[in-house]
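Residues per chain, in single letters:
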Amino acid sequence: MVPITTLHYLVVAAALFVLGVIGVLTRRNVVIVLMSIELILNAVNLNLVAFSRMWGNLHGQLFAIFIVVDAAAEAAVGLGILIAFFRNRETINVDEIDLLKW
Amino acid sequence: MFFLNHIWLIPLFPAFGAAMMFFFGRRLQKATVNAVCVGAVVFAFLFACFTVVEYTHFAHGTGHPFEKIVYTWLGSGDAHLSFLKKDGTTAQFNADAGFLLDPLSSIWLLFVTGVGMLIHIYSVGYMAHEGGYYRFFGYMNLFMFSMLTLILANNYMLLFVGWEGVGLCSYLLIGFYFHRKSASDAANKAFIVNRIGDAGFILGALTLSWYLGSFRFTDINTLARSGHFAIGDPVLTAAALLLFVGACGKSAQLPLYVWLPDAMEGPTPVSALIHAATMVTAGVYMVARSNAVFVLAPTAMKTVAIIGALTAVFAASIGLVQNDIKRVLAYSTVSQLGYMFLALGVGAFAAGVFHVFTHAFFKALLFLGSGSVIHAMSGEQDMRNMGNLRGRIPTTFKTMFIATLAIAGIPPLAGFFSKDEILWQAWRSADGGFPYLWLIGFGTALMTAFYMARLIFLTFYGQPRMSHEVEHHIHESPKSMTGPLVVLAICSVCAGWLGVPASLGGTNAFGKFLEPVFAREVAASVAPAEPQEPAGEEHRGLEWTLMLLSVGAAVVGGGWAYGHYANAGKDYPEPIAVKAPPLYTVLYNKWFVDEAYDYAFTGRRKIGKIRLGAMGAGEASSWFDAKIIDGAVNDVGWVTRAVATLSTWWDKWIIDGVGVNGPAILARMISYPARLFEWGLVQWYALVMVAGLLGFGVYYVWK
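Same order as they appear, the protein sequences are chains A and B.
Sequential numbering from 23 applies to the first sequence in the numbering used here.
Sequential numbering from -6 applies to the second sequence in the numbering used here.
Hints listed in this document are in silico derivations from the structure and should not be mistaken for laboratory results.
The model shown is predicted, which means the values in this text are computed figures rather than measured ones.
Hints may be right or wrong, so weigh each one.
Said to hold, decoys possible - Just a few of them, taken from the derived set where beta-carbon distance is under 8 Å, the chain A residues facing chain B:
#	residue
1	Val43
2	Val46
3	Leu47
4	Val116
5	Asp117
6	Ile119
7	Asp120
For every residue, glycine included, the Cβ atom is placed at its ideal position computed from N, Cα and C.
Excised from the complex, chain B in its bound form (with noise of 0.2 Å):
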């Protein structure tokens, strides 16, 4: 029990690694930076190795979950903290610094901090002629102890934590290279999309655990499985449908996908790492936690597997005509994310949870491939430009072509069986409408096929059209870096027998060890949409049809690029462009979903003469404050102007003129007689003096 009692240590390791960076990075060798680093991310993954090891002992296939509280962080028993439930009963407003390790807490432990290391350790390689080396390998420290505080959160709040923090270090990340103005402006945006996903999944949270009473995931699945609750409570939908907001942002779907593609602006690790295995993840694992509370909301449900099923195929059709290496790899993590939400959303949380656990390691590859493609070509990452690297780069060759085939769902590879678990679940827990879903999901393995092939087949096969230099310098990436496409390579193609569905002989292992975190409410639930009926035989056929199907799809999308880009010399033509121009100009400018967001939501862009959305509310703001807020600063100024202009008259005329002045002039009037009496001249005076002298001497002789 020592690793399980010691669970919160794991986010601890890159927590450490992170701070060590913040403080001392800047004076560090790079090999220390890498020893604390890597060496932090590989304590975690060892660490959590042996604590799922522990934990299945602990648990002996119960799937009974393990929770660990270290110490009470947010509220109290405090009366006033407590709020009245529904049922009458009071709750503590309780979060705990808890941690939480179930069959999904922990298959997202060993793939976060597998890969994670992986690519920490391919970063080594990647990043070595990089400036900012200390600052990068701080902000994937803090990132790995984000998402893995995310995963371990044993309550709604701890996970928001964890949530807000991916969303922070994937800012910093995009951002990286800051001096770049469309690498800030991509960081931007994908924080802003971000914060509009994390405004509806603290609301769903909050009213989550309003209604039930606890943050805790634990007595949230409890309550929710209690039958206390009907099918379709508003409440719980209302809940539901904001936490699937949460996701969407997060996990790119429509209509918050915006800023995934844009996110490869940052380093190429960085986009393997968090904009492809892990952190978009963090939507579907959210969902798949919340189960008991989507499974009682089917509106919610209904809206999971149909943006799904929607970001899946408009994703993938905009991925079929880009040229930059990295953002067809981004539309087309944003369409396997479309994937994974509708398994989620037609039921099969299982299927869901694997197809992400098999892309996390086959889209990992072709991210850290295409960063040794881009690192080989110096930079360059249009492929347009590049073109018959295979024999150059062969190591690299080799990975990504297993990493395409695992994609394009070939069997036996790891793509195949997650994929198809998916398609057949939309099938089967079809109420009518899920065929069409199906059909979605078919047709995007189409173009999932054919995107992916031409961008194998542009990279590494036909005519080089790189320029003389670039082409003298192609090289093989150094061992740091292939040494990561390798093991990724092996988990791409033996990921997937972990979950060999019966129908084709196997045991779906993997189904089994999460069964216990979804199988109860299955069994709660009413809902028609998941019959109990055991895999008859005309089911097998049927299941058998619809994945010969999705092969035939994967072969005939591959053999469609090879027979267009095989041979690609110079100014090779696209298909599309081709047969049907103005659906290539729509399908490459990607559906102006940009330009009309910046229409409506940003008003980067006028309609006629009206701007829109953010910066149209400024304007209209900023109007609002010149016109009446200023204006009526300027009316009370005029106002008080006049008032004072009058009161200026009245002051000079009416109280100095008449006032002052007035009493001054009759002063002079009345003392006019007096002055003439002073004319100046001393010796009228002194005669005045004598003749009066003289006057009064006569009068007094003479009386």
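If we strip away everything but chain A, and leave its shape as in the complex, we get (with noise of 0.2 Å):
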């Protein structure tokens, strides 16, 4: 049995990152798009966490609990500002999302 040494779950936290990014580029649906930016910031945490239990201390599960928190918040305004969005224009389509260009 191969033992589970840091650059494995740097791997899967790798694979998890690159799965957010593609879906972050590629879906026109806001709610996956926030989805895949969760993907995102959980693979960032699987990589506190495996450095942390690398170095044999807390530091890293610490900033983990806190981008936890981060997501939350970041999720919940996400959705706010999703929901007002969809009462003016009726779409959540990101590629309809265009007024701020000039």
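Two chains, two separate frames, one set of hints: put the complex together.
As structure tokens, then:
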């Protein structure tokens, strides 16, 4: 049985990250884009926890908890904006959200 | 000396009455109004009588004036109010509230208060059914106050106060029926025409005071008589002429007489008091008061005499054909005032004053009598609608008949003595030209007799020409009206006896009484017009001839009127209209003077397209205002607008266009490439970010 090293964790995290980025870049639905951002954040969390384990202290885990809280807040705010936006435009397709273009 | 020292109370009695009416009149009963206003004038009359009696004791026949200065009213001993006189001395600019009583003002004082009192009593009956009762009496009392101030003033400034005051009261009383347009027009006319005279008066008084250094009559007389001033002194002549302009306005002489006939719009007692007996003689009073100055100005004297004579004949000629009973009397008044000025102008001041005195009685009587007639005729004033009233209103008829005899100059009534004195003086004071003045006066006497007899015959004789219901209402006036008529009739008979001339065995007490006022400058003057010779036998014969001639004129004039009017029925013929229709038209239309004034002075009528006079000036200045002033304003406005348009364009295209929008356009053009990166799709931005990250990653890994 191959012992699970930090490298394994990092590979999994990198895979998660790449999946998240692909989701952000390709999906038109903003809800799914937000979910993909969650994947990216959780990839980061996995990295932090892995390095915390490697160094044998809790600094990384502490950061991970911060990011979890931050992700929850970000999801709440993002969904709130989304609902308000939907009320105005009756769409949440990201390619139709281009008002800031000049 | 009590009364003399309290002489200032005389004007204050009626002033009190006027003040009472002003403040409380509306709330007072008619009886109270009568008690206050008539009472005030009665008090003034009694007080005046006692004062004059005391004065005769004071003066002992010397005619020495009594002067009472109550307080200094204008000016002071202040150095900068003094001015340098011609002789190098300085004089103070002082006008006092001072009162002067001498024979001249005594006479005016007595007849003004006396006639005023009678007319106040008459008004109680005449105005009984009129609205504004207290207002009428308030104005009348105010008039008495002003007139007494005018008479008793000891200087020109205070006299001017009274002068303006009577003018104001005249205006108020002519316009008493102010709801009637004609009355308010007449009031305006009287006031405005008087204004012209007043301007002359104040200029004359100021010129005189500036030249002689005092406003006081006593100072001015003393100086004028001192011999410092040559006869014909140009400044004194100018001052005298200016004063005479004032007299022309107030005393209705040519060319300013036009207001007096229209003044008949006022209630009849007003016509009697103000426009016959008292106020219109103020001009005569003022000229007589300034006699010392006039004597030094022969040109002015000649002007006065000529204007007086012309006015006399002119007004009398109009009076010949008028149909309104009061208008006939109004023109008669103007004519008689002309006589008075004729007397003043030929240097016979005492004769002029004597005629003022007698005229006050018989003319007031005639007006009050006409008021009684109008009262009986339910307001009808047109003599064409009267006739045969002598049995219906006998007291009015008898008293008016006496007054007519008096004014026509039938001896021994009052008018005979005063008028013949004037005619005699006009003849006698001649240096060649004056017999013409006598001739004019003689012709006037003829006309006077005619129009007065015409008035009497049309009113009281002939056939009744009034409508049926008017005839039904005819009644004699109440006692308060007939009483004054009787008293005035007695005066009209007797007043002349005060001045019976020496040639008729009299003493001319009136002239003697006045002598001190006028005599001294006759001595001082070296005018050839006043020969000092005693009235010799051949003069006496001439005087009698002239008297007989004028009595003859009166009889002929009256007889002529009798022949034409004594049996006047409906549609009676006017003899002048029958014999000389154009002349009748001219006379009936008052020589078209009002029309001429409308063309020349008021501008109510146009000559072709040109309008002259006040309205012409108004139109001209309106045109000037509209075209020149407003035109300039509009031009300035146009220039402003043009400049504004230009600067709007500048602001819009240069400031905003080039200055403000220019950089903005420039920035937009420059920024165009940068904008190309902003296409607005979030995922493209994210892709660019990822690509960048990958780029950096590859770079670091493969380096």
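Hints and how they fare:
Nearest Cβ of chain B to the Cβ of Val43 of chain A: about 6 Å, under the 8 Å cut. The hint holds. Restraint check, Val46 of chain A versus chain B: the minimum CB separation of about 6 Å is within 8 Å; hint holds. With its C-beta approaching chain B no nearer than about 5 Å, Leu47 of chain A sits inside the 8 Å limit, and its interface hint holds. Taking 8 Å as the C-beta cut-off, the interface hint given for Val116 of chain A holds, the closest approach to chain B being about 5 Å.
Interface restraint check: Asp117 of chain A against chain B, minimum CB-CB distance 6 Å, threshold 8 Å, status holds. For Ile119 of chain A, the shortest C-beta to C-beta distance to chain B is roughly 7 Å, which falls under 8 Å, so the interface hint holds. Interface restraint check for Asp120 of chain A: the shortest CB-CB distance to chain B comes to about 3 Å, inside 8 Å, so the restraint holds.
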